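Let the sequences and hints guide you as you build the complete structure.
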Amino acid sequence: MAKLKALTPLGAYEPLVDEFSGLSIREVTDRALASLAARIGQEQACAVAAKALLGADLPEPQTWAAAGDFTAWWMGPDQWMLDAEYAKHTLLAAEVKTAVGDAASVTEQTDGWCRFDLEGPCCFDVLERLCQLDLRSGAAGDAQRCSLEHVGVFLLCRAPGQSYSVLGPRSSAASLHHALVTAAGSVL
Amino acid sequence: MIINHPILGPRDAQEFTYLGDATLIDRPDPDAGNAAEAFHDYVYLRDNPAGEHKELWYHEQGDRSWLVVTRNTLTHEITDVQLARDAARARGRST
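Chains as they are written, first to last, in the working numbering: chain A, 1 to 188; chain B, 1 to 95.
Simulated from the structure, these hints should not be mistaken for laboratory data.
Treat the hints with caution; some may be incorrect.
As the list claims (entries may be wrong) - Far from chain B, some chain A residues (derived; all Cβ distances over 10 angstroms):
id	residue
1	E14
2	K97
3	G152
Said to hold, decoys possible - If you only want the chain B side, here are some residues facing chain A, beta carbon under 8 angstroms, derived:
id	residue
4	L8
5	E15
6	Q61
7	G62
8	D63
9	E77
10	T79
11	V81
12	L83
13	R91
14	S94
The structure displayed is predicted, hence computed values, not measured ones.
Just so you know, even glycine gets a beta-carbon here, dropped at the ideal spot from N, CA and C.
See below:
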């Protein structure tokens, strides 16, 4: 068997970290993702099955929640993204499909996305230059989809003004990274 | 222009794309006797009102839901916004 070595969305062997005074931008590559969409008329069965798997209710619109190994966020009406550590849940989509059966449709998303975690006291200053969301009135647990420098992303708030995760399409990883680093460079 | 999304609240129109007349929800029955004529009208004929207009908008840079927006084409005033699936189900579709 060929010896294959995984590349990060930015094309390197190791995740990139950019340090600014007051902000770090860290590429995150060790997460497995799967999307969950309740089927018509099966919304309740999907919610019950998902709760049994996740150990918590599926999150309300515009929020994310974590319980045990899993993180979930609302993507749209009756749709959620599920997230877990890749090493422990490599086959996350299969795991979720087994749990929800015919109540929902599950799609593997792991390699479709890139993720950058922003940490530091200058998050507001950088993100408000890139997207339209009113982050200053946001709270921990917010999960919104928005356009960030013309790239559609999920923006998860872990601590207001301090800690955010940005998930964008993997094929736009370099554009997204460029936007984040350029905005950070112009602020800091 | 601000569209008051039923789930997400007020959002800038820049996040949405416009499709057109919401009569697209009323797809004719392909097995009906007058299907050819009905589909001709469905595909080609549109009202062009100066005033209140129901239209389909897609929240592309948001939750990817389709909305039925009631907009006054003279003033751009938006008087009602519904999820398109709710509007369709209210007409007996996809129940």
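- Query: Can S94 (chain B) be said to touch chain A, with a Cβ gap under 8 angstroms?
  - Reply: This hint holds: S94 (chain B) lies near chain A, its Cβ roughly 6 angstroms from the closest one there, short of 8 angstroms.
- Query: For the hint on D63 (chain B), does the least C-beta distance to chain A fall short of 8 angstroms?
  - Reply: holds, 4 angstroms
- Message: Next item in the hint list is E15 (chain B). Is there a CB on chain A closer than 8 angstroms to its CB?
- Response: Check passed: Cβ of E15 (chain B) comes within 7 angstroms of chain A, closer than 8 angstroms.
- Message: Less than 8 angstroms between beta-carbons is the criterion; does T79 (chain B) satisfy it with respect to chain A?
- Response: violated, 22 angstroms
- Message: Given a cut of 8 angstroms on the nearest C-beta pair, is the interface hint for Q61 (chain B) held or broken against chain A?
- Response: Where the cut-off is 8 angstroms and the nearest Cβ of chain A is about 4 angstroms from Q61 (chain B), the hint holds.
- Item | Interface hint status, L8 (chain B) versus chain A (Cβ within 8 angstroms) | Check passed: Cβ of L8 (chain B) comes within 6 angstroms of chain A, closer than 8 angstroms.
- Reported absence of K97 (chain A) from the contact zone with chain B (all CB gaps over 10 angstroms): Correct as stated: the minimum Cβ-Cβ distance to chain B is 22 angstroms, above 10 angstroms.
- Regarding the hint that V81 (chain B) lies at the interface with chain A, is the smallest CB-CB distance below 8 angstroms? Hint on V81 (chain B): violated, closest Cβ of chain A at ~14 angstroms, above 8 angstroms.
- With 8 angstroms as the cut and Cβ atoms as the points, is G62 (chain B) at the interface with chain A? holds, 5 angstroms
- Checking the smallest CB distance to chain B, is E14 (chain A) really beyond 10 angstroms? holds, 32 angstroms
- Message: Just to be careful: measuring from the Cβ of R91 (chain B) to every Cβ in chain A, is the smallest value less than 8 angstroms?
- Response: With a minimum Cβ separation of about 15 angstroms from chain A (threshold 8 angstroms), the hint on R91 (chain B) is violated.
- Item | L83 (chain B) as chain A interface residue, shortest Cβ-Cβ below 8 angstroms | Since chain A brings a Cβ to about 7 angstroms from L83 (chain B), closer than 8 angstroms, the hint holds.
Hints 3, 9, 10, 11, 13 from the earlier list are contradicted by this structure; the remaining hints agree with it.
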